[in-house]
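All chains should be built: construct the whole structure from the sequences, respecting the hints.
Residue numbers (the working numbering), protein chains in the order written: chain A, 245 to 492; chain B, 3 to 308.
Keep in mind the hints are simulated off the structure, nothing from the lab. All residues carry an ideal CB built from backbone N, CA and C; glycine is no exception.
Some chain B residues judged to face chain A by a derived CB distance under 7 Å, without partners named: (1) A52; (2) L54; (3) R55; (4) Y73; (5) P75; (6) G78; (7) D79; (8) W83; (9) D91; (10) S92; (11) G95; (12) L96; (13) L97.
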Amino acid sequence: MSIWRLEWLRAWRTRRIVALGAIFLILGLGSPVLTYYLPEIVKNSNNSGVQIAVPKQTAADGIRSFTGNLAQLGTLVVAIVASASLAFDAQPALSAFYRTRLQSSARLVLPRMAVVGGATEAMLALGFLGAWYETTVLLGSVSALGILAGFAVTSLWFCFVISVVAAVASLLRSVLAVAGTSIGLLLALSLIGSLSSRFDWLPTKLAGSAADVVMRQSSGVWPAVIAGVVASIVATGFALMQFSRREL
Amino acid sequence: MNALSTTNLMKRYGGTQALAGIDLAIPTGSIYGLVGPNGSGKTTALEILAGLRHPTSGKVELSVDRADVAYCPDVGDFEPWLTAAEVLDSASGLLGRPQSRATIDAMLARIGLAESANRRVGGFSRGMRSRLGLAAGLIGEPKFLIADEPAAALDPAGRWEIIDLLASLAGSMTVLVSSHDLADVERICDQIGVLVKGRLVYQGGLTDLLARAAPALQVVVRPPADQLVSAIAATAWARSVAETEPGVIRTDVIDPAAAERELPQLLAASGSHLVEVGRAGVSLQDIFFELTGTGPRLLAATKERP
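Below you can see the structure in the form of structure tokens.
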């Protein structure tokens with residue numbers, strides 16, 4: 245059995261790929277529906293007698309709702325799934341099984357990152373397709389190119405998330421510690437990014453600007469794209485270096 | 003020729019010295035037993051030799067490729083969602099030496115897990131995981147097998163089977179095994195290293211080590227034997243004496259000729275009813291206790307000569 249088959253079995257038998265698919269599909273199909281019914285939801289839940297005017301929802305609102313949920317719930321789920329896969333030193337005897345058979349850390353870490361990343365992107369594509377369909381049916385048309393561009397930007401964001409988790413997993417051991425620290429780091433980065441437009445180049449901008457990219461309203465996402473690619477490569481390189489240095 | 007040798011191998015964990023400069027020499031094709039009390043550094047040494055830890059200083063020289071070294075921890079840990087057969091399939095596949103299903107099944111039968119081949123290992127007991135760990139080590143056809151307490155988690159029957167399996171490997175590969183059970187080591191190992199507090203206090207052939215031991219006599223009388231024990235302890239020819247079981251006296255002898263001459267008189271004088279007298283077999287355990295300064299002999303100190 246090759247390492248690739250083993251990692252695929254891990255994604256399938258642990259139901260991690262199912263969890264990713266379920267989350268992304270629910271967000272993709274559900275977010276535009278919720279957006280469509282938002283005026284009615286607000287109207288029916290408002291018993292105070294105060295008049296609240298909700299403007300008619302557009303395709304941009306539907307997509308914005310979807311990408312907003314992706315940036316939060318999606319990131320959380322991807323970080324947890326990646327932590328469970330990449331914190332392989334959490335069980336020393338199991339780690340010894342792999343380390344004594346795969347002589348380099350790259351042969352151990354890269355397939356895990358690739359399979360988690362591949363599963364995430366595949367399920368994300370399903371989510372985007374769902375969101376595209378529902379938005380088009382309920383709220384108005386969205387261009388295919390826009391959806392592709394939004395998918396690419398969000399994919400890059402999740403690649404960055406996985407590489408951050410790998411870097412943290414090379415420093416910490418338990419799954420809980422890796423997941424918690426990674427999510428904390430991403431939150432801190434997001435907070436810094438929201439402080440000033442001077443930080444628009446940070447990779448967190450990728451998650452926040454996916455809707456604008458889809459609706460072709462994006463301005464200046466390229467610095468964040470470049471930063472995301474560079475940071476992912478650096479974090480992965482750091483993880484490989486640390487994993488090869490670390491003892492059992 | 004040595005399959006593995008170390009030079010002044012040291013390992014520190016913060017302020018704790020786990021290995022204090024050991025020079026192991028493990029001949030090719032031998033079954034080498036590494037023994038020592040808890041905390042003596044056995045597992046640390048094995049993990050360094052398996053490439054899982056870095057030594058603080060010193061050198062490890064392997065005459066085989068690193069990929070030909072298999073390491074089996076005391077209780078293996080595997081992905082709970084794999085079956086036993088898949089564990090062996092991945093164990094060989096990850097090494098780049100994939101094995102056929104027939105070979106995998108034969109290996110599972112060899113270690114007594116044939117009926118669990120298609121069961122997920124998440125439900126395996128410690129003993130089953132220990133067996134599977136050994137199979138995972140052997141399936142890649144290593145030239146050097148490192149096994150840390152391979153039979154520790156097994157019941158007596160399972161223990162016997164695994165020790166037999168290790169004994170059957172003699173000559174086909176080099177085996178380095180650590181064990182708390184000295185009877186196991188005595189049964190299968192031809193070379194032995196004794197680690198005490200991170201230091202190698204003995205290394206060499208098992209028969210050489212056993213030959214070093216002082217001659218000993220075992221005298222069996224009807225209990226009580228207190229008077230005879232005291233009488234033997236008072237002689238010049240007895241180095242130590244202990245009543246190991248009621249009526250069973252074991253004495254290490256400095257002067258065997260004097261012992262043979264004087265023992266009948268001591269028996270008569272103490273009024274003992276003799277059941278049996280003969281040479282006591284020297285076990286690895288006796289020597290181990292002597293080398294490591296542990297064991298029941300110290301507990302029996304009240305019966306030792308001053």
